[in-house]
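Asks: The primary structure of each chain is shown beneath.
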Amino acid sequence: MHRSRKWPVIAGTALATMALTFSSIGVIAQDEAVGGVPATPTGYVELDQALTETKDDGSPIFGGTNVSVQVQWNSAELDDFEATVAAFEEATGIDIDIQSIGRNHEILLRTAVLAGTPPDIAQIAQPAAMRQYAAEEALVDMTEWLDTERFRADFGTGAVGYVDGKLVGIPYKADIKSTVYYPKQAFEAAGYEVPTTWDELVALGEQIIADGNGSPWCISMEHGGVTGWVGTDWIEDVLLRTVPPETYWAWTAGELPFDSPEVRNAFDLVGQIWFAENSAYGGPTYINSTWVGQTMDPMFGEDGTATSPQCWMHKQALWYGPGFWPDFRANSATDPDYQTPYALGDVIDVFYFPPIDEAYGRPVLYAGDTFMVFDDRPEVRAVAQFFATPEGLQGWIQRKGVTSSNLNTPAEWYEGSFNTEKAAEIIGNSTGLMFDGGDIMPVPVGSGSFWTGMVDWTAAGGTNTDEVLASIDAAWPADEAE
Amino acid sequence: MRDVTLQELNRYDEEARHVGRSSLLLVVGLLVGLGVLALALVFLADRNGASNLLADIYHALGNSSGAQELRQGQGDQFVAKTLMAVIAIIVGVGGIWLVYAGANTVIEALGAKWRTRLIPWLFIGPALFLLAIFLVWPLIRTIWSSLTLEGGFSANYGVIAEDRSMLTVLRNNLLWLVVATAGSVGIGLLIAGLVDRVKREALAKTFIFLPLAISLVGASVIWGFVYAWAPPGQPQYGLLNAIWTGLGQEPVAWVQANPPLNTIFLIVIMIWLQTGFAMVVLSAAIKGVSTEIIEAAQLDGASERQVFFRVIVPNITGSILVVTVTIAIAVMKIFDIVWVMTGGKWDTDVVANRMFIEMFMFFREGRASALAVLLFIAVIPIMVVNIRRIRRQGIGA
Numbered sequence: 094m095h096r097s098r099k100w101p102v103i104a105g106t107a108l109a110t111m112a113l114t115f116s117s118i119g120v121i122a123q124d125e126a127v128g129g130v131p132a133t134p135t136g137y138v139e140l141d142q143a144l145t146e147t148k149d150d151g152s153p154i155f156g157g158t159n160v161s162v163q164v165q166w167n168s169a170e171l172d173d174f175e176a177t178v179a180a181f182e183e184a185t186g187i188d189i190d191i192q193s194i195g196r197n198h199e200i201l202l203r204t205a206v207l208a209g210t211p212p213d214i215a216q217i218a219q220p221a222a223m224r225q226y227a228a229e230e231a232l233v234d235m236t237e238w239l240d241t242e243r244f245r246a247d248f249g250t251g252a253v254g255y256v257d258g259k260l261v262g263i264p265y266k267a268d269i270k271s272t273v274y275y276p277k278q279a280f281e282a283a284g285y286e287v288p289t290t291w292d293e294l295v296a297l298g299e300q301i302i303a304d305g306n307g308s309p310w311c312i313s314m315e316h317g318g319v320t321g322w323v324g325t326d327w328i329e330d331v332l333l334r335t336v337p338p339e340t341y342w343a344w345t346a347g348e349l350p351f352d353s354p355e356v357r358n359a360f361d362l363v364g365q366i367w368f369a370e371n372s373a374y375g376g377p378t379y380i381n382s383t384w385v386g387q388t389m390d391p392m393f394g395e396d397g398t399a400t401s402p403q404c405w406m407h408k409q410a411l412w413y414g415p416g417f418w419p420d421f422r423a424n425s426a427t428d429p430d431y432q433t434p435y436a437l438g439d440v441i442d443v444f445y446f447p448p449i450d451e452a453y454g455r456p457v458l459y460a461g462d463t464f465m466v467f468d469d470r471p472e473v474r475a476v477a478q479f480f481a482t483p484e485g486l487q488g489w490i491q492r493k494g495v496t497s498s499n500l501n502t503p504a505e506w507y508e509g510s511f512n513t514e515k516a517a518e519i520i521g522n523s524t525g526l527m528f529d530g531g532d533i534m535p536v537p538v539g540s541g542s543f544w545t546g547m548v549d550w551t552a553a554g555g556t557n558t559d560e561v562l563a564s565i566d567a568a569w570p571a572d573e574a575e
Numbered sequence: 437m438r439d440v441t442l443q444e445l446n447r448y449d450e451e452a453r454h455v456g457r458s459s460l461l462l463v464v465g466l467l468v469g470l471g472v473l474a475l476a477l478v479f480l481a482d483r484n485g486a487s488n489l490l491a492d493i494y495h496a497l498g499n500s501s502g503a504q505e506l507r508q509g510q511g512d513q514f515v516a517k518t519l520m521a522v523i524a525i526i527v528g529v530g531g532i533w534l535v536y537a538g539a540n541t542v543i544e545a546l547g548a549k550w551r552t553r554l555i556p557w558l559f560i561g562p563a564l565f566l567l568a569i570f571l572v573w574p575l576i577r578t579i580w581s582s583l584t585l586e587g588g589f590s591a592n593y594g595v596i597a598e599d600r601s602m603l604t605v606l607r608n609n610l611l612w613l614v615v616a617t618a619g620s621v622g623i624g625l626l627i628a629g630l631v632d633r634v635k636r637e638a639l640a641k642t643f644i645f646l647p648l649a650i651s652l653v654g655a656s657v658i659w660g661f662v663y664a665w666a667p668p669g670q671p672q673y674g675l676l677n678a679i680w681t682g683l684g685q686e687p688v689a690w691v692q693a694n695p696p697l698n699t700i701f702l703i704v705i706m707i708w709l710q711t712g713f714a715m716v717v718l719s720a721a722i723k724g725v726s727t728e729i730i731e732a733a734q735l736d737g738a739s740e741r742q743v744f745f746r747v748i749v750p751n752i753t754g755s756i757l758v759v760t761v762t763i764a765i766a767v768m769k770i771f772d773i774v775w776v777m778t779g780g781k782w783d784t785d786v787v788a789n790r791m792f793i794e795m796f797m798f799f800r801e802g803r804a805s806a807l808a809v810l811l812f813i814a815v816i817p818i819m820v821v822n823i824r825r826i827r828r829q830g831i832g833a
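Chains B and F supply the protein sequences, listed in that same order.
Numbering-wise, this note's numbering puts 444 at position 351 of the first sequence, and it's gapless, one number per residue.
Numbering-wise, this note's numbering puts 773 at position 337 of the second sequence, and it's gapless, one number per residue.
Source of the hints: derived by calculation from the structure; they are not laboratory data.
Be aware that one or more of the hints could be misleading.
Short, incomplete list of chain F residues facing chain B, as computed with Cβ under 8 Å [unchecked claim]: (1) Gln508; (2) Ser601; (3) Phe661; (4) Trp665; (5) Pro667; (6) Gln692; (7) Ala766; (8) Phe771; (9) Trp775; (10) Gly779; (11) Phe798.
Not everything, but these chain B residues come out facing chain F in the computed CB check (under 10 Å) [as the list claims (entries may be wrong)]: (12) Ser152; (13) Glu229; (14) Lys259; (15) Thr383; (16) Asn501; (17) Trp544; (18) Asp549; (19) Ala567; (20) Ala571.
If you want the ones that stay clear, here's a sample from chain B, every Cβ over 12 Å from chain F, calculated [unchecked claim]: (21) Pro134; (22) Lys148; (23) Ala176; (24) Arg196; (25) Gly258; (26) Gly317; (27) Pro338; (28) Ala343; (29) Ser353; (30) Gln403; (31) Asp420; (32) Thr427; (33) Tyr445; (34) Glu514.
Using N, Cα and C, we set each Cβ at its ideal position, and we do this for glycine too.
Sequences and hints are given; from them, build the entire structure.
Replies: Next up, the structure:
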């Protein structure tokens, strides 16, 4: 268990270092860049071949080859990913066959791997699943052709992706989770201040209720078969703020059970916000039954203008945004060019989920996507190496302002995007980045009993904490618990 | 099969000798055919086989640039794929013909006694072979997995016995079995009885039968909108809550709260789908009840209800049993509705869904296999009832 505890710490530190590289950025207009390919020599053998060497007829050496990449991303995210790899396909002649699956991605991948017909490359959001595949020896060990000086400088030697000393995953996109969306203009109109400590956060909630302004919190987690992850993010974020990092990692490794004073305390603190009278809009039923994409609809009020919110704060990762605003959802189907008037940073803004105990600093919770490789061919290596370069995400960064796990991503790519500037600001002020604990726990817990536990806990209005904690612990695989 | 007399057999043998030479030719032809078949299979197994073959053809025709493109995975790929499909059909159909013709030739050559014994097996053989590969072997493997993987029997079956959430799973399966089966058959029978008297019977039956044409996943998506929940005060886009709040009630999260009632709401989807099937079969059975019996009952002064329950229903018990067994088996292994609507959350989990999650999300083949075996054992009694009934009726004996 030792190794699995260690790498997320280092990965977190690596992301914090990245923050410093783009924390001093100015604001310029966002242009419609489509990304590019890295300059040669890239530091990777096959990638250099793909970009420079040619066949007898002058066409790129890997021209006409096909590399399949299975991803979870669909709709808007699929467009972003396609745009991101377009320049690479153009330059190398490699056809990247993107298999966009959506929310059943992990299951289809599992089936394909069991059947012996995996894609060449696949994206995964849970490093726990990657560790499982690595243990089954389903993954290509990329140490020889990827674990170069270049890679270690870009991601740090402890990056997500090293399992038992082998390099089996390429960190790609990263998402900051310790953020709270709030209606900035309505806050100003009502005279509310952005809370910077836990006590201020709780006091603000009480004041909103006392003022008769509805509920302080918008919370909901319905997401079909993966319902519950919103709740696990809350527990992780609160736990990070009440225990030292070592305790957090011990928890993710199964050494500290859920049924412990530390974790119980985190549940109690979350429960005070979730289940107190009038605290969360619509109560436990709203939390359990409302689709995550609709969580903050009541923040826009009955008239939909966000001037008289029915709930005021929504804790959600930074990938959330105008795509989920109610006016956008209502209009974008008929008008593809629809732009919401409720812009991020103007009408709606984001603040950092405040620390609880200053002794544990200002931690930031994050999660990220990783690429795994299932087949070792020169053109597959080239594509994998491309994903490891900053250019592998460039198009996406410039289209949507996502954050790369690559530390050497040029700072200017992030300029002009609300999300990345906000991420830079939050990371810049933080004392450490911590990987999503549920995503590194064994899957039966992290994607199983932890999620189900949050649903059951909510259904009972937080009255069955003992039972829930015990049931989450019970799912821990016998051979992995210590 | 009618008994074959010795005389007839002797006559067949005579004929066989007559065509002795031609059957020798046939054997040679078959061997050549099987050789071609083997070559074709090798060709089909090669991903780029068709492209390369077409490239060779193009090359022979003098179109070398077209051939070049094809070899690089470009050019007339559609033509190549069509060529591949045609070859595959010829190989598939021709192959099956060759197998049967070949085996038939061999058996014909064996003489009368063996011929009558072996010919039935020739025709059942392939079906048995396929069943063995795709049904019996996986069954054995699943049982073996459940006994040997991840701590073996005690661990995999122990979890089912000890895990408290498994109790909920088993309760839900029982609910499904009883409510969904009884609901579909009961409502189906009722409608079949009523619709018998309707003027536009075909039209009425069509509407009730239509949902059967919808896939379980499609139906779940549709019903997702029926059951949708929005908080009080917001527009209720869910049909059921729109009606419910219209009556002055608070909106209800039909599937995301109040277990085990929410499972009943999922079961309603299954009933909606299966009622049409029950109705069609039972309606046909009702039409088979002879009018003399019904008229006799009516002349004796039986009321409509008495005629239905005392005369019609007892006369169609066979059909009712068939429908019940068919639906019960479909319901026992229910998965799609639960997976799409709730993913098994909110205490709506069922055995098949848990099995799927254990296998494909949690990577625990042993536990998944144990659940599969459990489901298999649970279905056995229903199968036994069905087989006994078939025997009693003398079908297939």
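Asks: Against each hint, give a clear statement of whether it holds in the structure.
Replies: Evaluation of the provided hints:
no.	hint	verdict
1	Gln508	holds (4 Å)
2	Ser601	holds (7 Å)
3	Phe661	violated (12 Å)
4	Trp665	holds (5 Å)
5	Pro667	holds (4 Å)
6	Gln692	holds (4 Å)
7	Ala766	violated (22 Å)
8	Phe771	violated (12 Å)
9	Trp775	holds (7 Å)
10	Gly779	holds (3 Å)
11	Phe798	holds (4 Å)
12	Ser152	holds (9 Å)
13	Glu229	holds (8 Å)
14	Lys259	violated (19 Å)
15	Thr383	holds (7 Å)
16	Asn501	violated (35 Å)
17	Trp544	holds (8 Å)
18	Asp549	holds (8 Å)
19	Ala567	holds (7 Å)
20	Ala571	holds (7 Å)
21	Pro134	holds (27 Å)
22	Lys148	violated (9 Å)
23	Ala176	holds (24 Å)
24	Arg196	violated (10 Å)
25	Gly258	holds (22 Å)
26	Gly317	violated (5 Å)
27	Pro338	holds (28 Å)
28	Ala343	holds (23 Å)
29	Ser353	holds (21 Å)
30	Gln403	violated (8 Å)
31	Asp420	holds (14 Å)
32	Thr427	holds (17 Å)
33	Tyr445	holds (28 Å)
34	Glu514	holds (33 Å)
Comparing the model with each earlier hint shows violations of hints 3, 7, 8, 14, 16, 22, 24, 26, 30; every other hint is respected.
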